[in-house]
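Got chain A sorted already, so can you dock chain B onto it with the hints?
One-letter residues, chain by chain:
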Amino acid sequence: MNELMQSVHEKIQPSLQCSDKGTIERLYKKMAKAAIAKAASIVRRQDVAAEIAHDTFFKLWQSGSTFPNEKAVYVWIYRTCHRAAIDYLRSASHRRESFTGENLDEMESVPASRYGNIVMTRQLVQAAIQQLKPDEVEAFLYVALDGMTQNEVAEVMELSRRTVQRLLEKVEIKFQEVRRRDASGS
Amino acid sequence: MPQDPDFSKHSRLSQHLALMDLADTPIAPEETADEARVIEAMVPKPLVLPSRLKSRPLWYLAPLLMAAAGVGLMLFQKPVREASPWTVKGAGHVQIFVEQDGHVQTLEEAGPLTPSARIKAEVFSEAPAVAFWGVSSQDGQLLQDPEWIAQNRMMLERPEKKFFTGSLQLDGPSEGESLCIMVCPMDMMPRLEDPAIFQEIVQTIASKALPDGNLTGCKNSCFQLRP
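Protein sequences appear in the order of chains A and B. Those letters in the first sequence? Residues 45 to 230, per the numbering used here, in order. Those letters in the second sequence? Residues 57 to 283, per the numbering used here, in order.
With the rest of the complex left out, here is chain A:
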């Protein structure tokens, strides 16, 4: 590639270097609130969500990754917050904590989805964490809480759509099994 072409290429595809403090500070200013909202949709506590979002930007800076654009950065932040929030609740579940604390009532509603009518949000998240493997929980909550399509989940998790479909089929089977057990127990 000659110099002119290279220069054109760089103009077309600018990159974001996340090892740069100024870049991270600018991104934090722009994206922190959305990242907190994402984490809070799972952990239901704004203080914990703010901590998760802060740690996510810290990790981003530590990783020093380069992204093609801000959209790709936010997708990374979104996924990292999603997983950190699940990890937090898994720890909470290990210590048998209930989901108490600062409730965010405005985020109670579950987007319309095939899972939306099974159980309410908190029970849904708790059930998912207790019954499913980490990648299954991640994929399932993208669909059930965030209203993503399988194609979107595949993009975010960097998997094929077929793999996502298989993960969600396993989730369905596990929840059917839970319902069967509950029905036979009652």
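Worth flagging that the hints you see were computed from the coordinates, not collected in a lab. Among the hints, erroneous ones may be present.
Claimed, not checked - Okay, the calculated beta carbon distance ranges per label pair: (1) B/I253 x A/K73: 45 to 55 Å; (2) A/V222 x B/P82: 20 to 30 Å; (3) B/D195 x A/A227: 54 to 64 Å; (4) A/P112 x B/P102: 47 to 57 Å; (5) A/D91 x B/A252: 25 to 35 Å; (6) B/S263 x A/T110: 45 to 55 Å; (7) B/P246 x A/K214: 18 to 28 Å; (8) B/Q259 x A/R134: 23 to 33 Å; (9) A/R224 x B/P215: 34 to 44 Å.
A quick note: this is a predicted structure, and the numbers were derived from the prediction, not measured. In this text, a Cβ means the ideal position worked out from N, Cα and C, and glycines have one as well.
Relative to the frame of chain A, chain B by itself:
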């Protein structure tokens, strides 16, 4: 890393992208109004990034030194009958960060801690593990409720590096506090649920002792916070 995914208009992520003017196709404001209200209500913490550690030539020797130490141990140590996975992997280290006066530094860099200093701890584990943290005084008194230690433990589900959620703050006069972080292999988790064994964890953290007995296989790292 996703390069440039095309998201539907209805997912939370699509709405976030649209609200930050990052979506390829804009979404009508009425469709994102609810999420916009939620986002607007969020209050971020001030972002604090530590100064990067300067690289020193000695770091490049670390793998060689580690390998030499490993060979030395293999040659001169008595064979262990039942080594725990944690010991075999020789894994894990912890790093303490201090946030004070608007700067984040490692504990070693930070110097004397001010009363407003916030302390965060990061654990790196090469195997699934559970980590506990607690602060004890110079005379071996635990400064938190044991329940706090149980509630603030952290699961490391896979080889990963993770911060404990939240931070610690020291107030009042110095009691010669030490922060101890105990990391145990995840497969010990069922035993650690036993109240008697959990009591041993609390005692070990309070006394800054080496884990033994039921806790063999765990590691307890203690850091002096204030003299």
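Comparing the hints with the structure gives:
no.	hint	verdict
1	B/I253 x A/K73: 45 to 55 Å	46 Å, holds
2	A/V222 x B/P82: 20 to 30 Å	41 Å, violated
3	B/D195 x A/A227: 54 to 64 Å	57 Å, holds
4	A/P112 x B/P102: 47 to 57 Å	29 Å, violated
5	A/D91 x B/A252: 25 to 35 Å	33 Å, holds
6	B/S263 x A/T110: 45 to 55 Å	47 Å, holds
7	B/P246 x A/K214: 18 to 28 Å	25 Å, holds
8	B/Q259 x A/R134: 23 to 33 Å	27 Å, holds
9	A/R224 x B/P215: 34 to 44 Å	36 Å, holds
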